[in-house]
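Chains as they are written, first to last, in my numbering: chain A, 1 to 328; chain B, 329 to 656; chain C, 657 to 984; chain D, 985 to 1312; chain E, 1313 to 1640; chain F, 1641 to 1968.
If you are wondering where the hints come from, they were derived from the structure by calculation, not from laboratory data.
What you were told as hints is all true, and nothing was included just to trick you.
When the alpha-carbon atoms are kept at most 30 Å apart in a straight line, the in silico DSS-like pairs for lysine-lysine are as follows:
| no. | chain 1 | residue 1 | chain 2 | residue 2 |
| --- | --- | --- | --- | --- |
| 1 | B | K577 | E | K1399 |
| 2 | E | K1473 | F | K1670 |
| 3 | E | K1534 | D | K1191 |
| 4 | B | K577 | B | K452 |
| 5 | A | K62 | A | K47 |
| 6 | B | K550 | B | K452 |
| 7 | F | K1847 | E | K1403 |
| 8 | D | K1145 | D | K1182 |
| 9 | F | K1720 | D | K1233 |
| 10 | A | K184 | C | K874 |
| 11 | C | K854 | D | K1014 |
| 12 | D | K1233 | F | K1962 |
| 13 | C | K915 | B | K408 |
| 14 | D | K1167 | E | K1496 |
| 15 | B | K390 | A | K161 |
| 16 | A | K183 | C | K839 |
| 17 | D | K1206 | D | K1191 |
Protein chains: 6
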Amino acid sequence: DRKIHSATHEEILKGATTDIYFLRTLDILKEMDLDSTTVTAEIFPRKHGVFAGIEEVKNILKNKDIEMWTLDEGEEFSPKDTVIRIKGPYKEFGAYETVILGALASACGWATAAREIKEACGEKSFLCFGARHVHPSVAPVMERAAVIGGANGASCILAAKLLDIQPSGTLPHAAMLIAGDTKKIAEVYDEVMPEDHKRIVLVDTFKDEVEESLRIAKALGKNLYGIRVDTPSERGGVTPNLIKELRYKLDMAGYNYVKIFVSGGLTPDRIKKLSEVGADSFGVGSYISAASPIDMTMDIKEVEGKPVAKRGRLPGLVDNPKLKYVQL
Amino acid sequence: DRKIHSATHEEILKGATTDIYFLRTLDILKEMDLDSTTVTAEIFPRKHGVFAGIEEVKNILKNKDIEMWTLDEGEEFSPKDTVIRIKGPYKEFGAYETVILGALASACGWATAAREIKEACGEKSFLCFGARHVHPSVAPVMERAAVIGGANGASCILAAKLLDIQPSGTLPHAAMLIAGDTKKIAEVYDEVMPEDHKRIVLVDTFKDEVEESLRIAKALGKNLYGIRVDTPSERGGVTPNLIKELRYKLDMAGYNYVKIFVSGGLTPDRIKKLSEVGADSFGVGSYISAASPIDMTMDIKEVEGKPVAKRGRLPGLVDNPKLKYVQL
Amino acid sequence: DRKIHSATHEEILKGATTDIYFLRTLDILKEMDLDSTTVTAEIFPRKHGVFAGIEEVKNILKNKDIEMWTLDEGEEFSPKDTVIRIKGPYKEFGAYETVILGALASACGWATAAREIKEACGEKSFLCFGARHVHPSVAPVMERAAVIGGANGASCILAAKLLDIQPSGTLPHAAMLIAGDTKKIAEVYDEVMPEDHKRIVLVDTFKDEVEESLRIAKALGKNLYGIRVDTPSERGGVTPNLIKELRYKLDMAGYNYVKIFVSGGLTPDRIKKLSEVGADSFGVGSYISAASPIDMTMDIKEVEGKPVAKRGRLPGLVDNPKLKYVQL
Amino acid sequence: DRKIHSATHEEILKGATTDIYFLRTLDILKEMDLDSTTVTAEIFPRKHGVFAGIEEVKNILKNKDIEMWTLDEGEEFSPKDTVIRIKGPYKEFGAYETVILGALASACGWATAAREIKEACGEKSFLCFGARHVHPSVAPVMERAAVIGGANGASCILAAKLLDIQPSGTLPHAAMLIAGDTKKIAEVYDEVMPEDHKRIVLVDTFKDEVEESLRIAKALGKNLYGIRVDTPSERGGVTPNLIKELRYKLDMAGYNYVKIFVSGGLTPDRIKKLSEVGADSFGVGSYISAASPIDMTMDIKEVEGKPVAKRGRLPGLVDNPKLKYVQL
Amino acid sequence: DRKIHSATHEEILKGATTDIYFLRTLDILKEMDLDSTTVTAEIFPRKHGVFAGIEEVKNILKNKDIEMWTLDEGEEFSPKDTVIRIKGPYKEFGAYETVILGALASACGWATAAREIKEACGEKSFLCFGARHVHPSVAPVMERAAVIGGANGASCILAAKLLDIQPSGTLPHAAMLIAGDTKKIAEVYDEVMPEDHKRIVLVDTFKDEVEESLRIAKALGKNLYGIRVDTPSERGGVTPNLIKELRYKLDMAGYNYVKIFVSGGLTPDRIKKLSEVGADSFGVGSYISAASPIDMTMDIKEVEGKPVAKRGRLPGLVDNPKLKYVQL
Amino acid sequence: DRKIHSATHEEILKGATTDIYFLRTLDILKEMDLDSTTVTAEIFPRKHGVFAGIEEVKNILKNKDIEMWTLDEGEEFSPKDTVIRIKGPYKEFGAYETVILGALASACGWATAAREIKEACGEKSFLCFGARHVHPSVAPVMERAAVIGGANGASCILAAKLLDIQPSGTLPHAAMLIAGDTKKIAEVYDEVMPEDHKRIVLVDTFKDEVEESLRIAKALGKNLYGIRVDTPSERGGVTPNLIKELRYKLDMAGYNYVKIFVSGGLTPDRIKKLSEVGADSFGVGSYISAASPIDMTMDIKEVEGKPVAKRGRLPGLVDNPKLKYVQL
Ligand SMILES: [Zn+2]
Ligand SMILES: [Zn+2]
Ligand SMILES: [Zn+2]
Ligand SMILES: [Zn+2]
Ligand SMILES: [Zn+2]
Ligand SMILES: [Zn+2]
Ligand SMILES: [Zn+2]
Ligand SMILES: [Zn+2]
Ligand SMILES: [Zn+2]
Ligand SMILES: [Zn+2]
Ligand SMILES: [Zn+2]
Ligand SMILES: [Zn+2]
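Just chain A, same shape as in the assembly (with noise of 0.2 Å):
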């Protein structure tokens, strides 16, 4: 009768998601009189990126006996930077390897991706929109791990409260089609939200875009704070020539002040490219949510103080200057 199939909270920190071979190594390595050892463990990438997920790996390792140095959340990383290292007796540490490497794994590549998207974006914002592609228990690691690399807020509620920010978003063609049509809707909205609340309204459902946002703009008048254009790819998706036309016809007819909010398959490359032309904020999922996790390695780097390695890897500590120590 589990309803849901991920780990608990309490599962991941008594470490159920271990693999079950560190396990026995502890039960052999005890049996040899050798599970006390103190060894020097050091965790790197394979690649660049940003960091993320140390704050949980953090809370499994509180009071372990051990020292720990690690990087900060937000800070850069390059291919084989030993971005933690943890030294102490290694049935201290031992069976957390496989939770610790994937928490990090999973909030690396995800704050990785949002960091290019802001590189994309410059002074310009954008909201995660990912959380339907993920499952639901790490929605919300996903759009912590966002805000991290750089994202101006989340859609999902549970991430917004964890982030202590409101959850962001306009109405989704569901409510459209529902109603039956753009106007009726957003004059419904623009009265039931609150005074402070910016309008934004979704404009591709039933017509032409352009002649939507001028219809719209009409109808809610200096209450609109901007339109969202979502064209489907059966339609061509967002082009940059569409938001000219439609930056240069709102202008036109003295909406200059309605913004242009973009969502849909949005990639660095076509953010740059609408920035240009007129759009004022981005809306991305797939980019974000579908980032490979950025695969960690941890290697036993010294034995009772002497450098040790397996063959292929150089025995010894791997010094980065930007470690710091951490009060567990």
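Please build the complex by placing chains B, C, D, E and F with the ligands on the supplied structure of chain A, with the hints as guidance.
What follows is chains B, C, D, E and F with the ligands alone, placed relative to chain A:
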């Protein structure tokens, strides 16, 4: 004082990870007396894949006043196939769109990658070793999906428990490095483990893989089930030539009963080539863990029995003979 | 005070557009008493194509003391096929080489492009809309060649007259822009035109193509023969997805008798794709008008009955079973 | 009993080659009392090019009640530059859209290709030899445009007359083949031509080009102005190595005053390479004659002084500082 | 005062060209009392090819106390095929490894290239003209290998003597240049040579190849066996078009008995194309002379009857049914 | 009863390896009283390279009644540079064309490849190990050319003798396999060799290269000069990662004085990469031995002081400031 950022089961079930705009939509539709409108929504993917994650979706929608049709776990779908159809008052399920799509996207992504591995393995078996590459909260979700896709086992303890199987795996490099010699630890491992455990020893830590394999085979005799080769990329990884030589020399020395288990960056292509020259079994990590979620779209296809669609989509239901009615 | 730079019919017939060196050649050969030498010349192309232009050539050579063999208009030729053979005293036709080759080159180029369009259309029809892309003096030459190649009609009035058919075409964007609304002008157009005229209305000027089509279909009812879609490249052009949606929604609304006519940068490839999803008829401009002329070469193959050739060519006649004797 | 299919000057001027739909448009607008609406239309190309053909356009629009601004012949334009602006009652010029655009498209295409050749030639000269590759009615239009683009002369007699220059050209292969020996005909050509004519002899008909050049140079002595090399593709065409050898051996034999004139499939690239090794002058055919027309678009930008545009285009005038007011 | 740097036959036979480390190996093995160890060594290539050079190897190993198995000259081998197996005390043949491998590598490389030419020639014949591209000491080795591969003759006098055939070849460009006229020297050549000599005359030195061929054919009449075309790359080399024209014009003039012999940078591809249009015979230089040696490896596969191998290779003999026992 | 097929020194010097047609040419020219014609011939290559082989050419032409100019061995030449000029009666040297060109072609090919290796090595040294890949008669010719190109030594005994240097090289895999253990044979090798011999031991025969290197370093102590790594392609060859790890672990163990010598399929590119991570010296085989000969052409440029050339070439001498007069 929340230690882990993932959503708890309770949070997921009560919709805390949904996107904010669905709640707003319900408010506004209510204002318009439209929240109880009967709608039929369909969920479809954009890519070919293997269906997984539906058990969680059923639990999420349990006790709602809706009708639902869906595929079985493990069935394959093509692009634009309807994989779920839901009919009922919009307020009954509208707010769960984010959660449902996310649960499917992740699970289908992993199951599909596992199926590709399965097709490369043919009659041979493989284990999912990807737990270390994803957030611990979804590690059991991933390993469960991998088994749906075709994996013969998993190393994550909790996943094995959920699947009601024994977790699998050998000893890691860390054990070898702390013990300082592969033969020494292999002998203790052999003593300590229950008789029916299949002893598999990792052979690339200190010595030439072939030399170490012969040394371990001599030491453990008939107790040795197999050896694992995981040569790091710095040493060229595991190649067909290496496996061919290893098999040849094990056989020549009379150890033809010793299985060869391979791990390290495996893909369907590499598995096919290694299998041809004698590898017996495989451990697969990133190929499964880094699989992109298969994004799902939920479109409203009928409103009060009348076909609707936004611009770019075709109104009305899309039949799929694989759909079965589900008792919630 | 010549208003137009093209050659008049009289100038062409008397050889005024020939290259100067042919006149000089005749002077010099006369000085050598060689201008009456009997020669056999053959004309051949370098590419595959469709033969056109021979009617003008016959008129140019009418009453000359020569024998001539040639292909029929509309027949296909392969590279190096003899398409015309002329035998007679060199002075009778030598000065017309430039004129003959030019008349064929242009006409064959256009007819060949039209044939490629025809092959893409299969049973469906297409009109040549290229008059606006070529000098008005050759617009009727081009449209005539297009009909030889397979076009079902032409929009150029003079061309239609030469071909003894009705000129075809709908109303242009200019009409819509001046009237300010597509429906308004469509209604007047419907009133004004004779009953048997097939009413086709252009629908992409102001609104979403699908919305406008349904609006016009409702307004004109059974009087509407078809709609024309000519979406500009700035809006992604006419795509298979758009046609598919348009056909689907016209049918759903009961307008399955309304034909879909497409124009705008059409090529054989695009026509095939649009035809598959429901386009009924096509308007083709640049693909025909911008077709390169098919350059023709005239080589002297016999002098006084003896095979000759310049270096690089093979002396003597090249037989072609398609050649027929022509009465001049 | 029309012998040639091209339009006569009278037909062009009275609009007989226009597309039928412009006449219909006028009828319908008249019915709506809109045919005298004041509109401003602009013509623009999609590509970079050289402007030509405006003289004919002015003659076509002479005496109409409109204002017009335009570029000069020979000026370059960029994509989307306004090249012509016309303002006045629509009925005054609407029916001439087809004719005007066509006159420009062909002339600009040829002038642009000629300009590219000119840029490759630098200080050296080239002649347009393309008359044999286009319909005789437009041969003078093409050669005139080529001269606007940069050609130093033309071989078509009528074109030369229109341009008030001497037509240029040497003797063709036909002359050599009938005479049977290059030297024999060269000697007669030398005798017959006026003293100030620049004698150029074609040398690739029967013998090795170098051997024949030296033979002709010896025969004509100081009377020889140059030789023409036109080696056919079957013999590898005219190559830089051949020109280098020819120049070297002419110089070695004391004929350094003999110019080398090249023809046969020349392109800007080949001209640059041949020029570097000693070619003095060029005859260019297909590169100019097969140049695609540069399609022009006429858009209505203002109706009764108010900016308009169809979907996908930006309303209102587009300024171009090169535009000058034209007195019609 | 050594005039030539190549090794003499005596130096080769006594091992003076061996690598120094084989001598050292024997010294050290002797010190260890291992120099008389019985070993079995096998020689194998890495590429497909044609076997040649074994006659020299047999002479080098004559009178050694060993057993040997080998392929025949002219047989083909595949990658990793055993081409020679030697069994005996290591000191009997160890020092000859360098010499044996080298003799095979060069000869097999040349024989293989000749075989590729042979396959392109089909029934037609070709001569090896590569002597001028390799050191004179190996010119006869190369031409002998070429004949094993399929060449029908060789121009090197010593090679012909070794092969007991007549050396072949025509007159070079030097002869033509000194005589100053091809016809003049061809006539003397015709007079001087014995009656049964096949007269072949090189025709590209001074004049157009076709013109010169017809001139020589007329001068020598039925005495002319063939003409050789060797057009230099500066003039485009010998092309299929040239051969086609040459054959056509020789036949037209009644010289259908005159053979066409081609030389100059020939490859299998070019030979196939030239053969199709009438070339009768070929002279091949660089394609054979520049063929890379086919590197051979000698591996010890058994030591005192026990299979051995270094890392990366499989221990024990590799059977090849083509191997035959050799009586030394 | 000729045991080896290569030409002897005497055969080479008396012209026995020349092409037959040069002898025929002399006969015919004699018949025409032209064999004593004074000609100037020049030899040129088609590619950039390093000059070698001239010492043999001088010996071949010694005592002929000619004048000669040439480059020095080791000088570089560009395509079409005159590298040798010979002036004198044709009969004095005409028959040696084949021999001279061949001697240069092979030697220049090898010297050029060695120069490319030298440029990749920079300050580091390399040995030529290619003797096993070419016919033994030219092995000393090749190794001599390699030293001219930049090699620091050679393993072929005779080549070393000609160059008056010590032959170089370590022990081969055969020695290790017969002895059965690398350490055992390394110890005997250490005892047996003279004190000043630089001991280099091959370490990849039986064990992991790093493990074996440390084992040998411990056994031989300060006597060990270097180790040689020659990992076969079946095991991935020698890679930068392997050398980096080897250097790191040798240094860590206190053996920083031990040099790393690499062999096995080396190219300039691979040498650069291996050198950067710590390789000290290189053994190069196929890159040099398989270098294509650099084909040379001898053209007659003057006959009795008058410039001549065949079609396609420029008559007269081509100056090269590097040419020096040679006293024969
Ligand atoms: Zn970055
Ligand atoms: Zn949308
Ligand atoms: Zn599948
Ligand atoms: Zn490993
Ligand atoms: Zn066809
Ligand atoms: Zn349009
Ligand atoms: Zn320009
Ligand atoms: Zn020509
Ligand atoms: Zn073969
Ligand atoms: Zn030649
Ligand atoms: Zn160089
Ligand atoms: Zn080796």
